[in-house]
Amino acid sequence: DRPCLGQRNPQPGASCGKYVWLTYRDAQREVLRISSGLSRKFDLQRNAKVGLLGNASVEWLLCDLALMRCGADTVCLTEPPLEVRVQLRRTAGEPLGAGVDSSDGRTLLVTSVDESGLVADWNRSNPERQIHKGDRIVEVNGRREDARLLGAECEREGALDLRVFRSPCELLLC
Numbered sequence: 001d002r003p004c005l006g007q008r009n010p011q012p013g014a015s016c017g018k019y020v021w022l023t024y025r026d027a028q029r030e031v032l033r034i035s036s037g038l039s040r041k042f043d044l045q046r047n048a049k050v051g052l053l054g055n056a057s058v059e060w061l062l063c064d065l066a067l068m069r070c071g072a073d074t075v076c077l078t079e080p081p082l083e084v085r086v087q088l089r090r091t092a093g094e095p096l097g098a099g100v101d102s103s104d105g106r107t108l109l110v111t112s113v114d115e116s117g118l119v120a121d122w123n124r125s126n127p128e129r130q131i132h133k134g135d136r137i138v139e140v141n142g143r144r145e146d147a148r149l150l151g152a153e154c155e156r157e158g159a160l161d162l163r164v165f166r167s168p169c170e171l172l173l174c
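Reminder that position 107 of the sequence shown reads as 107 in full-length UniProt numbering, one-by-one numbering, no gaps.
Hints were generated in silico from the structure; no laboratory data involved.
Backbone N, C-alpha and C fix where the C-beta goes; we use that ideal spot for every residue, glycine too.
A portion of the hints provided could be inaccurate.
[As the list claims (entries may be wrong)] Simulated pairs of lysine-lysine, DSSO-like, Cα-Cα distance not exceeding 30 Å: (1) Lys49 with Lys133; (2) Lys18 with Lys133; (3) Lys41 with Lys133.
[As the list claims (entries may be wrong)] DEER-style ranges, computed between Cβ atoms: (4) Glu145 with Tyr19: 15 to 23 Å; (5) Arg40 with Glu157: 44 to 52 Å; (6) Val20 with Ser112: 14 to 22 Å.
Please model the entire structure based on the sequences and the hints provided.
Dropping the structure here:
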């Protein structure tokens with residue numbers, strides 16, 4: 001199947017990385033999956049006005065296409081990412097309690113948050129500054145721009161000072 005939507009995954013020390021492509025078939029499958037979920041969750045009427053809040057990305061475009069498939073009119077809304085500062089203290093053998101993806105080469109994308117571990121403890125103690133799936137860890141103890149170093153820093157014992165970006169992506173039904 002041919003490439004349809006691509007995004008660059010920057011590499012450390014380089015201005016741009018290689019494109020990672022979604023094929024036409026994959027894009028269609030995602031649009032159908034998202035539109036099906038939207039139809040089940042919300043009673044979207046034809047020409048319903050729906051605000052789609054998020055930054056430009058392949059995921060945003062797929063959501064927009066899914067809304068069009070449902071017959072909704074999309075209103076594009078953007079805002080800068082929310083920055084959250086997180087201070088953790090790690091002792092020997094204590095799990096971080098979060099799955100991360102380092103494939104962009106520059107940041108750690110939070111792919112899951114466990115029910116136990118440092119992140120879960122932080123989330124319980126700081127409900128207004130929780131770490132969520134989809135957040136990006138952009139800095140750890142002053143280190144940034146290299147996902148490998150960020151991951152290594154997260155494995156160390158002692159203080160962990162994290163800078164986390166939460167990029168909003170929500171549906172606003174009007």
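Inset, instruction - Take a quick look at whether Lys18 and Lys133 sit within 30 Å of each other, Cα to Cα. - result: OK: Lys18 and Lys133 at ~25 Å, within 30 Å.
Legend entry - Proposed proximity, Lys133 with Lys41 (alpha carbon, max 30 Å): With Cα atoms ~20 Å apart, Lys41 and Lys133 stay inside 30 Å; holds.
Inset, instruction - Take a look at whether the Cβ-Cβ distance between Arg40 and Glu157 falls inside 44 to 52 Å. - result: Because 46 Å falls inside the window, the suggested range holds.
Inset, instruction - With respect to the beta-carbon atoms only, verify the hint that Val20 and Ser112 lie 14 to 22 Å apart. - result: 21 Å, holds
Legend entry - Hint check for Tyr19 and Glu145 - Cβ pair distance inside 15 to 23 Å: 20 Å, holds
Inset, instruction - Assess, step by step, whether the Cα of Lys49 is no farther than 30 Å from the Cα of Lys133, and give holds or violated. - result: 27 Å, holds
In summary, this structure violates none of the numbered hints.
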